[in-house]
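Full structure from sequences and hints, please.
Chains A and B supply the protein sequences, listed in that same order.
If you're matching positions, the first sequence starts at 1 in the numbering used here and goes up one per residue.
If you're matching positions, the second sequence starts at 1001 in the numbering used here and goes up one per residue.
Read the hints as simulated data drawn from the structure, not as lab findings.
Take the hints with a grain of salt, since some may be wrong.
[Stated by the list, open to error] With a Cα cut of at most 27 Å, we get these calculated DSS-like pairs of lysine-lysine: (1) Lys1029/B to Lys176/A; (2) Lys113/A to Lys1032/B; (3) Lys1109/B to Lys1042/B; (4) Lys1120/B to Lys117/A; (5) Lys44/A to Lys56/A; (6) Lys1029/B to Lys1120/B; (7) Lys179/A to Lys1114/B; (8) Lys77/A to Lys171/A; (9) Lys196/A to Lys56/A; (10) Lys194/A to Lys171/A; (11) Lys171/A to Lys1106/B; (12) Lys100/A to Lys1120/B; (13) Lys1042/B to Lys177/A; (14) Lys172/A to Lys1114/B; (15) Lys113/A to Lys56/A; (16) Lys179/A to Lys1109/B.
These numbers were taken from a predicted model, which means no experiment stands behind them.
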Amino acid sequence: MKVKFMNYINNLFRVIFGRKKLIRLGVYGPVNAGKTTLANRICKDWIGEELGTVSKIPHETREIQVKEKVKIRSNSKELDFNIIDTPGIATKIDYEDFMKFKLNEKESKQRAKEATKGVIEAIKWLENVDAVLVVLDSTQNPYNQVNITIIGNLAARNIPVLIIGNKVDLKKANIKKIKNAFPQYTTVGISAEKGKNMEDFYEALFELIK
Amino acid sequence: MLTLQFIPYSEVKDLSSLGRIRKLLNMAKENKIVLLEGRLSKEEEAELIKTTMEEINASFKGIELAVVNPSENENDVFSKLRSTLASTLLGNRQGFTIIGPATIIKSIKRDPNKLQLLMKDAASRRSSKKHKRRR
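The following block contains the structure:
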């Protein structure tokens, strides 16, 4: 209730005094799409330090991570962002899946417990963002209910969305499929890990915010 | 034995969002695959995921979900207007929702024209049950 009230006040100020200078940029998406890799890439590009750890084990990010006041420049424009990296959203979490990555049963159960909390937090934080990067793995089928639910919820809240097709450096990547799945949104293909196509990404980000 | 339960829209139309989510989730937890006439709203989808996460434990591993909205891919203004009007008059009756437990459904594969439910094979379901019993 308090959060909703504060959002209302923030939005009111934005309407009265024009666009606020600090943009809360959420990084959302399904598990293992490369959200933290992208958040790290952005932070490394502009402040020279990373935001979180990356791993092949699913649900590595299990808490919201925020890097405040990241100044980004593109085409002689400059904006300040709070980069909000969120845990991957999923509809199921099975601790036995973590055991395939050589975690023991206790560690796996703990990770699963934290991961469920992370998903809940990520959904709650939808109330606290001004714009969102939806990061999808471009080697995977984009017609996934988690993707549809995230994007649908952002649309219902009138939050601007930029879709990132990550991992375009991989052979199986198919950006066209993502564009076809969500034709009403701008999609940029990048490789956050390799830093490929980041200029286009920053341009699209500024287009989104303007 | 697998159970597929159909729920007509009339059975959920008077329920609150929370009631609708509870009904679907309870059935999934009873190891049923549910086919609901009509669809959940976007907010209800997010709430369903949140509630599912709160209830995950050793025996309930979550759900597989697909909400199909036939008007989603309509791009022309007239079609959009028609589906908005239909939704206003009839509620979210258009389309359908499939939900089932993740211990039974491996994944739901969808593309614009096709939806496939991939089930876990009996052996893997049995081994998961054995694992549970050992605990």
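Status of each hint after checking the structure:
no. : hint                   : result
1   : Lys1029/B to Lys176/A  : 37 Å, violated
2   : Lys113/A to Lys1032/B  : 24 Å, holds
3   : Lys1109/B to Lys1042/B : 20 Å, holds
4   : Lys1120/B to Lys117/A  : 26 Å, holds
5   : Lys44/A to Lys56/A     : 20 Å, holds
6   : Lys1029/B to Lys1120/B : 16 Å, holds
7   : Lys179/A to Lys1114/B  : 18 Å, holds
8   : Lys77/A to Lys171/A    : 34 Å, violated
9   : Lys196/A to Lys56/A    : 20 Å, holds
10  : Lys194/A to Lys171/A   : 14 Å, holds
11  : Lys171/A to Lys1106/B  : 25 Å, holds
12  : Lys100/A to Lys1120/B  : 17 Å, holds
13  : Lys1042/B to Lys177/A  : 23 Å, holds
14  : Lys172/A to Lys1114/B  : 21 Å, holds
15  : Lys113/A to Lys56/A    : 18 Å, holds
16  : Lys179/A to Lys1109/B  : 18 Å, holds
Against the hints set out earlier in the document, violations occur for numbers 1 and 8.
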